[in-house]
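A.B. asks: The whole structure should be built from the sequences, with the hints applied where relevant.
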Amino acid sequence: MPLDQLTPERLRAALDASGIGWRVLVISACYSGGYIEALRDPRTLVVTAASKDRASFGCGSNSDITWFGKAYLAQALNQSADFVVAFDAARTSIESWEAEDDIAASKPQIERGAQIEAQLARWREQFTPGPALPFARTDSPRKSRRR
Numbered sequence: 244m245p246l247d248q249l250t251p252e253r254l255r256a257a258l259d260a261s262g263i264g265w266r267v268l269v270i271s272a273c274y275s276g277g278y279i280e281a282l283r284d285p286r287t288l289v290v291t292a293a294s295k296d297r298a299s300f301g302c303g304s305n306s307d308i309t310w311f312g313k314a315y316l317a318q319a320l321n322q323s324a325d326f327v328v329a330f331d332a333a334r335t336s337i338e339s340w341e342a343e344d345d346i347a348a349s350k351p352q353i354e355r356g357a358q359i360e361a362q363l364a365r366w367r368e369q370f371t372p373g374p375a376l377p378f379a380r381t382d383s384p385r386k387s388r389r390r
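Everything in the sequence shown is counted per this note's numbering, starting at 244 for the first residue and increasing by one.
No incorrect hints appear here.
Derived pair list, reagent style SDA-like, types lysine to any residue, alpha-carbon separation capped at 20 Å:
#, residue 1, residue 2
1, K295, S271
2, K295, A348
3, K350, R297
4, K350, A272
5, K350, S294
6, K295, G277
7, K295, R253
8, K350, D296
9, K350, T335
10, K295, Y274
11, K295, I346
12, K350, Y274
13, K350, S271
14, K350, R283
15, K295, L249
16, K295, E252
17, K295, A272
18, K350, P251
19, K350, A329
20, K295, L268
21, K350, C273
22, K350, V328
23, K350, D331
24, K350, Q318
Pairwise CB distance ranges (calculated):
#, residue 1, residue 2, range
25, A281, L246, 15 to 23 Å
26, Q369, G262, 15 to 23 Å
27, D345, T250, 27 to 35 Å
28, I263, R367, 16 to 24 Å
Because the hints were derived from the structure by calculation, they are not lab data.
Only a predicted model underlies this, so the values are computations on that prediction, with no experimental measurement involved.
Glycine included, each C-beta is placed from N, C-alpha and C at the ideal position.
C.D. replies: Here you go:
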């Protein structure tokens, strides 16, 4: 069965057609920084696992979660409701893991629209975070390389 690629332009068109005005997009994929230009908007925050010319790590059948997914979604966002603060923490973790394994840096990216920060600050004022939740493996016995 052929798969349609979700190009940056198709994703942007779908988001625009949806009427969603304020956007926080997290793209966890190799070369995901290539989505930033097409998704750039004053009311959008884009977070990517890698720059447009770099691979991301932890994908595949032997992983429960990618390194970026673990660092950003499972760890950093459990510590902060601020997407940018969480990104900075995740990037630091990922850089450390990549250096430890002596592999080319994935260079996670963040793009902040001019209006999104104020909107996110208003949201955080009304947000009451719950308790941090540990990453729960699926029913797969495989373990993520980065715990």
